[in-house]
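Student: Using the sequences provided together with the hints, build the complete structure.
Chain residues, written in single-letter form:
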Amino acid sequence: MIRLVPNHADRIRRTAEVTFHFDGTTLPGCEGETLIAALMRAGVLHLRNAPHDGAPRGGFCAMGLCQECMVRVDGQVVEACRVTVTPGLQVARL
Amino acid sequence: MTAADVDIAVLGAGPAGSTAALAAAQAGLRVALLDEQDAPGGQVWRAKSAAILSAPHTPESKAGAALRQAVADSSIMLHPATRVWQIARTGDGWQIDTLRDGATDSLTATRLIIASGAREVVQPLPGWTTPGVIGLAGATALFKQNLTVPGARTVVAGTGPLVFYVASEIRRLGGTVAAVVTPNTRRDWAGSLPAMLGKPALVARGALWVADLMLSGVPVLWGHQVTAVEGDTRVSRITAQSVTGASTHNFAADSLCLGNGLMPQVEAAQMLGVPLHHDAALGGWVPACSDDGVTPVAGLYLCGDGTGIRGADAAVHHGRLCGLRAAADAGCTSGHAMDIARRNWRRAARFGLAMTALSRPTPALAQLASDDTIICRCESLTRRDILAEIGSGATSTNAVKSGLRAGMGPCGGKYCQTSVARLIAAETGVTEGAVPPPTPRPPLRPVPVAAAAGQFDYDDLPIPKPAPL
Amino acid sequence: MSYDIAIIGGGIMGCATALRLAAGGMRPIVLDQGDLGQGASGVNAGTLSLQIKRVKLMPYALKGHHLWEEMGTAVGFAKTGGYTLAFTDREVDLLHERQTMKREAGAPITFVSNNALRAAEPGLTHAVKAASYCPEDGYANSALTGQYYRGKLQDAGIAYRERTPVTGIDRVDGYELQTPAGPVRAARVLLAAGAWLKPLAALMDVDLPVNARINTVSVTERMPAMMSHVIGHATGLLTMKQKANGTVLIGGGWQGKGTPQQGRGEVDVAAVKPNLALAQYALPALGTARVLRSWTGFEANVPDFYPLAGTLPGFDDAFVLGCVRGGYTIGPSIGQLMGDLILGRSPEMPLFDPGRSFEEDRP
Chain A
1 MIRLVPNHAD RIRRTAEVTF HFDGTTLPGC EGETLIAALM RAGVLHLRNA PHDGAPRGGF
61 CAMGLCQECM VRVDGQVVEA CRVTVTPGLQ VARL
Chain B
95 MTAADVDIAV LGAGPAGSTA ALAAAQAGLR VALLDEQDAP GGQVWRAKSA AILSAPHTPE
155 SKAGAALRQA VADSSIMLHP ATRVWQIART GDGWQIDTLR DGATDSLTAT RLIIASGARE
215 VVQPLPGWTT PGVIGLAGAT ALFKQNLTVP GARTVVAGTG PLVFYVASEI RRLGGTVAAV
275 VTPNTRRDWA GSLPAMLGKP ALVARGALWV ADLMLSGVPV LWGHQVTAVE GDTRVSRITA
335 QSVTGASTHN FAADSLCLGN GLMPQVEAAQ MLGVPLHHDA ALGGWVPACS DDGVTPVAGL
395 YLCGDGTGIR GADAAVHHGR LCGLRAAADA GCTSGHAMDI ARRNWRRAAR FGLAMTALSR
455 PTPALAQLAS DDTIICRCES LTRRDILAEI GSGATSTNAV KSGLRAGMGP CGGKYCQTSV
515 ARLIAAETGV TEGAVPPPTP RPPLRPVPVA AAAGQFDYDD LPIPKPAPL
Chain C
564 MSYDIAIIGG GIMGCATALR LAAGGMRPIV LDQGDLGQGA SGVNAGTLSL QIKRVKLMPY
624 ALKGHHLWEE MGTAVGFAKT GGYTLAFTDR EVDLLHERQT MKREAGAPIT FVSNNALRAA
684 EPGLTHAVKA ASYCPEDGYA NSALTGQYYR GKLQDAGIAY RERTPVTGID RVDGYELQTP
744 AGPVRAARVL LAAGAWLKPL AALMDVDLPV NARINTVSVT ERMPAMMSHV IGHATGLLTM
804 KQKANGTVLI GGGWQGKGTP QQGRGEVDVA AVKPNLALAQ YALPALGTAR VLRSWTGFEA
864 NVPDFYPLAG TLPGFDDAFV LGCVRGGYTI GPSIGQLMGD LILGRSPEMP LFDPGRSFEE
924 DRP
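Protein chains in written order, with the numbering used here: chain A, 1 to 94; chain B, 95 to 563; chain C, 564 to 926.
Honestly, the hints are just simulated from the structure, not real lab data. Just so it is clear, the structure is predicted and the values come from calculations on it, not from any experiment. Worth double-checking, as some hints may not be accurate.
What the hints assert, rightly or not - Now the stretches of chain B that chain A is said to cover, found in silico as 3 or more residues with beta-carbon under 8 Å:
(1) 236 to 244
(2) 501 to 507
Stated by the list, open to error - As a list, the in silico DSS-like pairs of lysine-lysine whose alpha-carbon atoms are at most 25 Å apart:
(3) B/Lys559 / C/Lys836
(4) C/Lys820 / B/Lys559
(5) C/Lys692 / B/Lys559
Positions of the beta carbon are idealized from the N, C-alpha and C atoms, including for glycine.
Tutor: Given below as structure tokens:
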């Protein structure tokens, strides 16, 4: 198969892996990356349930506007697309 | 009036805002540049996160790096990771209230340039709230900042050039594209060729993306649209149909990148009293301003995609033009530089406007939502809910918002109001331009009570005289 | 087509009057420059509290509470009971003096011990020095005002025109109102345009001494249950309640900027900050709640802070209704009284002559 767009996956160097906690599950991430990206790479897209119908929701706009990726960190609701992964970060589902 | 902290405050450090700030700073003015991201670049030239130690360059990463270097080398006072939550006039100038690391602060400026940029338009369709569906522009933010793809197997769908950019980036970052689905036809693209010829490098890059997909056997469905998304806690299957309905395709996928162009973010300008008008060619509702970014509100300037979707190249020239104009109004004239910037802006805008035209949601896309499809994501309001409210006599976006809470949730209506307005227009037989967006409300971004309240001593409360008994 | 009466202003008072008039056999038309119920009627904090009503308006407020309760879920009515808090000795004195007078005027207000308060509202700060309680207090959802009255007008077959500002009022065999959508004819007019009464009356060469307060309200995102009553403050500088959906609405009459003539009010951060600080002081857990929206609404008043409700000075077929302190609570009841007056019946409670002299506190 011919590729005109190269695969750069192997040429990306990231910071050392750390672990953080999402709703009681320990997940890997890289220190300094955006929480929503770490969750995505860990296969976690379902971040909360909608208030009315309880339907699953996940990150949508990825730029701090839509509020779909709301999670709780240190008792405060924050957007997962604007939180940075740190070692041992505790993240709770709303 | 006490002296302002700076001569000019620029809100938004994308291509337009950063360039405006550079132009004004180079003219000798004290300039502050504020952005909610950690570094300048905006969405299009978003900087990599601290977790990326090294990665191959792209045209976007190079442009962003050059911009960040220019800002760093300038006298600009950069306020990164700073969310502006309120702007108010104070005397002849402006007070900008900010939130950074959970604490509020404020800054005063004699002149204010708002370069608020764009946000994404995503046409609602059945299943679009399923985790794993993300905006096309949102996907590019993930790629640029975190070099992360949304899943193992992704369908990329929508209008305009962004579908091909996103598909190619997914492949470059090691992901798999299950299919590219776009309502645009090759004929639509051919129609844009005259405007595209001014940017041969971009045309060549786009042609390479498409060729790569074809050669790699990725299905590219022209004249098709995604009609349904299946999956519970995660996308599992995507259905696409030809616009004519003649053929149906199903794809197993765990993610979908979906978008229908961009719209200007006008709320800040609107709150400050700048009138809006509707111009579909510019992406929808746009604020009134001259080519130079001068608004009817004294001391307030606008530039970049927030004034109409013309793309990053145009934004750079528009930012320079606007920065020079604001500097000239502050007494720092710049000779012919403004004429050059204006000429460059117009040339670049031709290409950008052609891409905006290709990106606009087609009428058929508006038909995708079923009665059960959620329109307002925050409040889980379906098309049926909205239609019933309109049917009961709520014929403005304000009335639908009041009656149903469509636009009162955490996003503040950013992702539902275009759809609500379209439904009102269709149901009442008027044009979209006759259905203005609802009255915008501060704060511009959610702000915690404790942060807004700040340090507080009960005895310092200003107690007015008691209400009449 | 000529109407029996044109009502200018489709807020609670204009609509409530229209409904009474239609029930009494008149053909009204309601005109609003915006949408129905989008002025003060639709943007106030929705507090229904007898503890913050004026003593002399208490009978109207008691009747108003009764009517809101009847409107029920369609307007988001909730009778939660309400506590008013005092944090300083001065506020304790103020609370006792004022709530005693209101109790004597008919509001079932009692003073409660700190222990009783903590049992009822465990999230409140322990800095409370005294509190009063009124079981009649609660709230409705002011955002639903427009939807509610639109439906009621439709059910009653009453004509209404939204986004139809009146730009001129001419006397021609009754009245001809000029609007961008063409003229509207009616035998009578009722001016019920809230903070816009002054420019409206000026179209009829009448000078009404109407001022506007610019009250600020803020609302948070959904929060876990934090309080179950309406909470107020002895100075009136705070009202708050948590809605069934978890959002917390914070008001207290903090002043924004702007004028009705400019068409829009503007939130003043310098006023929002102490308003939020006071709310957090009363209920510390509120600190992490994110404020999603703040807005302002114009509350019309005249210098004596009593209503305008009667014939327009110098006219016998033109009427004015507005400037009711506590107008959200009292609006439905005073609208009925106004309707009775226009119908030629005698209202069961006295109204407030718009032609009086406006020395302070003398109705």
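Student: State for each hint whether it applies.
Tutor: Evaluated hints:
{"no.": "1", "hint": "236 to 244", "result": "holds (count 7)"}
{"no.": "2", "hint": "501 to 507", "result": "holds (count 3)"}
{"no.": "3", "hint": "B/Lys559 / C/Lys836", "result": "19 Å, holds"}
{"no.": "4", "hint": "C/Lys820 / B/Lys559", "result": "19 Å, holds"}
{"no.": "5", "hint": "C/Lys692 / B/Lys559", "result": "21 Å, holds"}
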